[in-house]
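Protein chains: 2
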Amino acid sequence: MATGILKIGVDAMGGDYAPQAVVLGALQAVEQLPDDVRIVLFGDEAAIREIASKEGATSDLFDIVPTTEVITMSDHPAQAFSKKPDSSLSVGFGYLKAGKIDGFASAGNTGAMLVGSMYSVKAIEGIIRPTISSHIPVVSGGTALLLDVGLNVDCKPDVLDQYGWLGSIYAEKVLGIPKPRVALLNIGEEKEKGNLATKAAYEIMEGSPRYNFVGNVEGKHIFTGEVADVIVCDGFVGNIVLKQAESMYDIALRLGMPVDNPFYRGMNYEHIGGTPVLGVNSVVTVGHGRSTPLAIRNMILQTERTARSGFVSQIKALLA
Amino acid sequence: MATGILKIGVDAMGGDYAPQAVVLGALQAVEQLPDDVRIVLFGDEAAIREIASKEGATSDLFDIVPTTEVITMSDHPAQAFSKKPDSSLSVGFGYLKAGKIDGFASAGNTGAMLVGSMYSVKAIEGIIRPTISSHIPVVSGGTALLLDVGLNVDCKPDVLDQYGWLGSIYAEKVLGIPKPRVALLNIGEEKEKGNLATKAAYEIMEGSPRYNFVGNVEGKHIFTGEVADVIVCDGFVGNIVLKQAESMYDIALRLGMPVDNPFYRGMNYEHIGGTPVLGVNSVVTVGHGRSTPLAIRNMILQTERTARSGFVSQIKALLA
Chain A
-14 MATGILKIGV
-4 DAMGGDYAPQ
6 AVVLGALQAV
16 EQLPDDVRIV
26 LFGDEAAIRE
36 IASKEGATSD
46 LFDIVPTTEV
56 ITMSDHPAQA
66 FSKKPDSSLS
76 VGFGYLKAGK
86 IDGFASAGNT
96 GAMLVGSMYS
106 VKAIEGIIRP
116 TISSHIPVVS
126 GGTALLLDVG
136 LNVDCKPDVL
146 DQYGWLGSIY
156 AEKVLGIPKP
166 RVALLNIGEE
176 KEKGNLATKA
186 AYEIMEGSPR
196 YNFVGNVEGK
206 HIFTGEVADV
216 IVCDGFVGNI
226 VLKQAESMYD
236 IALRLGMPVD
246 NPFYRGMNYE
256 HIGGTPVLGV
266 NSVVTVGHGR
276 STPLAIRNMI
286 LQTERTARSG
296 FVSQIKALLA
Chain B
-14 MATGILKIGV
-4 DAMGGDYAPQ
6 AVVLGALQAV
16 EQLPDDVRIV
26 LFGDEAAIRE
36 IASKEGATSD
46 LFDIVPTTEV
56 ITMSDHPAQA
66 FSKKPDSSLS
76 VGFGYLKAGK
86 IDGFASAGNT
96 GAMLVGSMYS
106 VKAIEGIIRP
116 TISSHIPVVS
126 GGTALLLDVG
136 LNVDCKPDVL
146 DQYGWLGSIY
156 AEKVLGIPKP
166 RVALLNIGEE
176 KEKGNLATKA
186 AYEIMEGSPR
196 YNFVGNVEGK
206 HIFTGEVADV
216 IVCDGFVGNI
226 VLKQAESMYD
236 IALRLGMPVD
246 NPFYRGMNYE
256 HIGGTPVLGV
266 NSVVTVGHGR
276 STPLAIRNMI
286 LQTERTARSG
296 FVSQIKALLA
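The listed protein sequences correspond, in order, to chains A and B. Under our numbering, the first residue of the first sequence carries the number -14, and numbering increases by one thereafter. Under our numbering, the first residue of the second sequence carries the number -14, and numbering increases by one thereafter.
Treat the hints with care, as some may be off.
Put simply, identical chains are the same to the list, so a pair is met inside one copy or across any two.
[As the list claims (entries may be wrong)] Capping the alpha-carbon separation at 25 angstroms, the derived lysine to any residue pairs in SDA-like fashion look like this:
1. 228 to 173
2. 184 to 113
3. 178 to 235
4. 205 to -9
5. 69 to 211
6. 228 to 142
7. 39 to 49
8. 68 to 250
For the record, the hints were derived by calculation from the structure and aren't laboratory data.
Working from the sequences, and respecting the hints, build out all of it.
Pasting the structure below:
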């Protein structure tokens, strides 16, 4: 933020409905963002200008960095960057690494986003495994954080402990929860319950001076908000929990149940915004593949909030 | 069923509202059961007769085996049987082992029920790990089977394969699903997705001649019924999935959402009946601790259906 302007990079070509949905979402975000924020779109300049123009918007509402290639859902994540150096993702991560933007968001190829995060901005020194997390709604009101939601499927206990710490700082700085209650997802509340990994993780986590560990929580506690603000699990379990929750929203819709309450609105992926990548040297948000303009708008707002929060610099300072 | 009468044993002292809820549930079950079934209640004879009499029911509607002790929720499962040999659970399992009853159900101490299953009727020879499962509703209509739901938290791949087989036979014989579709719960549909255990399990399961393996399913598929009838996972994941689902029912109630559709009725534990223990030498059902009379009724009906289905003898025959 050297210029006094916070710059949020957005992959205009990422997602099932790109670039249309991305440009429309960016226009919606512009209306919500304060004056010291500038959106930087990476992608097909002519297409972006045309979509904006059709909306009656001047395209000087955001910066455009023209790129000529697109990493698609079928591209191999690890090879995509070298094969498509002028793709919106490659160029975007280049800008992020060079500090020309303060955060980067895409609803494109998730694997490529993770590879890009690891190989361009890289993990913060001292972070064993960067992780992906998800905001989840809680029925008591507000938002909790679930992590890992799919990146590291076999987690060692010290990794779970670090998730507790990363999640606690994120919940405090970005979600605005003072002294977040951090819990370990398990099959019983008692300390001795669980599988080999959670039993060992509990031993480390209960002694941690870095966060407010409140013990084990069960599956029934995840969405109540009564016990925990940060719920730690390995990426296998977290991915299944998250997708199960998403399906409950879809099922409620299918059954014609009313979903016009804050909890169910929060279960709608369009409102969740995106999946923050935690533990890397910048702010990266992975959006949902089928992002609508509303989902893109929320992905951008979340990226801005995280970039402004100083989350990454606090992690770095504490590890230095 | 040597006498031509199918005898279903029920622990009258098990559950938060026992014996009241159990006796009332048994009376409800009697009305539904065919004439060739007899319920055998284990517990405090005077209390059972008094509850039945208050309902205007003659207590010759069921057999009573009087017992003087009760294994409570706070009793240590492994020690409870030797410490309380005249408890309703101890005597019930004794009858089950001796073949004097054809199935046994209790809403009491789950751990003690599992210990009782393993040490009295014992695992069927050839079964690596008996398992507990749960009927789950699917939005397409009907019921699927999820296993393991909490017994074996770190499962080897060959155990997951055996769950697929046990679940398939149960789904066919008890749930009446022809050629059940068996799936492995995972974080992606592709074969190479997953943690170490599921990747290895996939290799075994895809070649199994014993059941109809349809591949991986994700968390979003569990409750749709569109992909699988039997969903296999380790007990850690299954327990979290099940409790998360139960909490979604509670949350819907709390939010005042209408739950008067078949799917949400099926999410209500009272309708689920109980958790069958699969892989042991008889029919054992573990009920929910807070079972109401309705839940007890369904637990008894499920136990009767399983005993009548020949599920256990089919497993034994196939392993012989």
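task: Identify every previously stated hint that the structure contradicts and give their numbers, smallest first.
output: 4, 5, 8
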